[in-house]
Amino acid sequence: MSLQRWSWNIAAALFPFAVLLVAWQLITVAKLVPPNFLPTPHEVFVAWLDVIKDGSYVANIGASLVRLGVGFAVSTILGIVLGVLMGLHRGIADFFQPLASFFNALSGIAWAPLAITWFGLGPAAVTFIIWNSIFFLVLFNTLVGVKAVPMIYENAVLTLGGNRWQVIAHVLLPGALPSMITGLRMGMGFGWRALIVAEMIAASSGLGFMIFDARYIQRPDLILVGIVTIGLIWLATDRLLLVPLERWTIERWGLVSKLQ
Amino acid sequence: MPASEPTTKIATRAFRLRRWLWRLARASGAFLILIAIWALLSRFADLPDYFLPSPLAVAASMGDLVAKGVLTAHIHASLLHLLIAALIGIAVAVPLGLAIGLNRYAAGFFYPLFNFFQSISGIAWTPLLIIWFGFSELTIIVVVNYTILFPVVFNTMIGARTVPRTYIHAVRTLGGSRWRVIRDVIVPGALPHIVTGVRLGLAYGWRALIAAEMLVAADGLGYMIFSAQATHLTSRIMVGMIIIGLLWMFIDQFLLRPLEEATIQRWGMVHR
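From first to last, the protein sequence lines stand for chains A and B. Residues 1 to 260 in this note's numbering are what the first sequence lists, from first letter to last. Residues 261 to 532 in this note's numbering are what the second sequence lists, from first letter to last.
It is worth saying that the hints were derived from the structure and are not from the lab. Fair warning: this is a prediction, and the values are worked out from it, not measured in the lab. Be aware that one or more of the hints could be misleading.
Label-pair restraints from in silico Cβ distances [said to hold, decoys possible]:
id, chain 1, residue 1, chain 2, residue 2, range
1, B, Leu307, A, Gly55, 32 to 42 Å
2, A, Val70, B, Ala430, 29 to 39 Å
3, B, Ala327, A, Gly91, 37 to 47 Å
4, A, Gly91, B, Tyr371, 44 to 54 Å
5, A, Leu240, B, Ala299, 38 to 48 Å
6, A, Arg247, B, Ala327, 51 to 61 Å
7, B, Ala327, A, Leu158, 49 to 59 Å
8, A, Val243, B, Arg517, 25 to 35 Å
9, B, Thr426, A, Leu242, 32 to 42 Å
10, B, Gly289, A, Thr159, 24 to 34 Å
11, A, Gly122, B, Tyr371, 37 to 47 Å
12, A, Ile92, B, Arg440, 50 to 60 Å
13, B, Ala299, A, Val81, 20 to 30 Å
14, A, Trp24, B, Gly436, 33 to 43 Å
No residue lacks a Cβ here, since even glycine has one placed at the ideal position from N, Cα and C.
Modelling step: build the complete structure from the supplied sequences, incorporating the hints.
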């Protein structure tokens, strides 16, 4: 894509936010809402610089990302491994599907009170909540993906003399890949949301805590700093990590048509 | 006589009953194993009293809560929050999504905005909303509404934009006005996407509802399990969790999924 085209796309994408910013400034200047309800963009910017300067901003983001990273890594690995193992045998997959479905319906945050009872307030409870948000989703999606691989491919490998491992490696894993990646992407989204909520309820550090605490100390400008940060981090994660991952694995192997 | 035996065998009540019981056993088998493990753990593991109440204790707690009407009240509150937020959300989001989807410039303008704000869960806005609306049910409903809005608008937008242009041209060629185009082509054509968006929105909305009820602490299932934690009523927590899971399974399985499938089947859309 030419540089001109590329920069035009960026400008078009940023234009709505510029309009939003202007509208925000106008609302605060025209005093349409009480002053402590909505800080001006400038105040939010200053607050942002402040928390960067005193180091708490980076510390909080770091804490959040570490918890998310650990929770995500453990859940996805466990989810995929168990999902594939369960999916190998149709009978076992059918047997466990209702259970996986139920726990999938039980949102991660519903585990929060139990997590606090078992682990107390702190990073352990938060990571547990994240784990619950992601694990069952990935497990369910992997299960469904493996089950959906047409038997004919399995039979083909077996007919050609392959053993169980080769069936797994060459048929089941690639065949379940779109479903797995969808599960991963959704799981990341759910995990990120669950992280913020969990930190509001059960932690004393991290982005969610920063936002929640800002309400106690009557700093709506810090709340907005946190909110914008959440959006930016998710945007970065999605664009720079997940979409390329999807593109690289699924589209490369021609399993689905080009995604948006 | 031997030829007719197989059909009469399948038709007998006894056989159908056995088959139904067998299916029930298969569906619930995993749950029973889980409950068995749970019961053993709570009985024999060396844990504090409040850590893992036995399944019997949880069942007793559920009975108690139902008898006192507490559980019914909280379920009622939660479902009411969800319903109000969903109705407002759909009423606002569908027209908005259609309007945006139909206009190329509007779509290009709003798409980045929506993409960005979609990633900021409604819950992240809760502290700000508490400042604005206080610890009230209004805050809960606004949070859930915000959460539902985005998937519905997004999917409606996509639905409106993927209606094949030939249909639009057909109606215009036959002399139809713009309104007829919207009513007879765009809305039915976008309907499968809209329903998918509603289903997705409600899934997110349900999760956000529980979380919002925990933070705002007014009433509802989220509040019930969160306050139970403060008083170490672990069996009450587990009752709440089971109800939350079952309720959503019920809503999704028996309300939303059939609705989605019926819409897609009726309007004959192929790709999703």
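To test your reading of the hints: which numbers does this structure violate?
As far as the earlier hints go, only 2 is violated by this structure.
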